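Could you put the whole structure together from the sequences, leaning on the hints where they help?
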Amino acid sequence: MDTEIIEQINEVLKKIRPFLKRDGGDVEFKSYDEESHTVYITLTGACIGCTMIDDTLHLGIEAIMIEEVPGVLAVKLAE
Numbered sequence: 016m017d018t019e020i021i022e023q024i025n026e027v028l029k030k031i032r033p034f035l036k037r038d039g040g041d042v043e044f045k046s047y048d049e050e051s052h053t054v055y056i057t058l059t060g061a062c063i064g065c066t067m068i069d070d071t072l073h074l075g076i077e078a079i080m081i082e083e084v085p086g087v088l089a090v091k092l093a094e
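Numbers in my numbering are just positions in the sequence shown, counted from 1, shifted up by 15.
Hints in this document: simulated from the structure, not taken from any laboratory.
One thing to keep in mind: the hints can contain errors.
Computed list of lysine-lysine pairs in PhoX-like fashion (alpha-carbon distance at most 20 Å, straight line) [what the hints assert, rightly or not]:
(1) 45 to 30
(2) 91 to 30
(3) 29 to 45
(4) 91 to 29
(5) 91 to 45
Here are the simulated distance ranges between beta carbons [stated by the list, open to error]:
(6) 64 to 85: 30 to 36 Å
(7) 85 to 34: 21 to 27 Å
(8) 64 to 86: 29 to 35 Å
(9) 82 to 49: 16 to 22 Å
(10) 66 to 17: 33 to 39 Å
Every value quoted in this text rests on a predicted model; they were computed, and no experiment measured them.
A virtual CB, placed ideally from N, CA and C, is assigned to each residue, including glycine.
Written out as structure tokens, the structure reads:
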């Protein structure tokens, strides 16, 4: 596993976390699939059941992650 990419992913999540916590939510890194270049996360707290979860995931977290971490192509919720 590419530890440099994992470190970059965690740094981006540290930047995003305060915004989610302000609304009672949080984000946790679960895994990175090198083959599909996909980051898997879990959203917790107020994010669970929020009607804005898709926007938060795709327009927020995914957009920032793709821009800041070379090679990342997608962010998905871990099952």
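What hints, given by number in increasing order, does this structure fail?
Every hint satisfied by this model.
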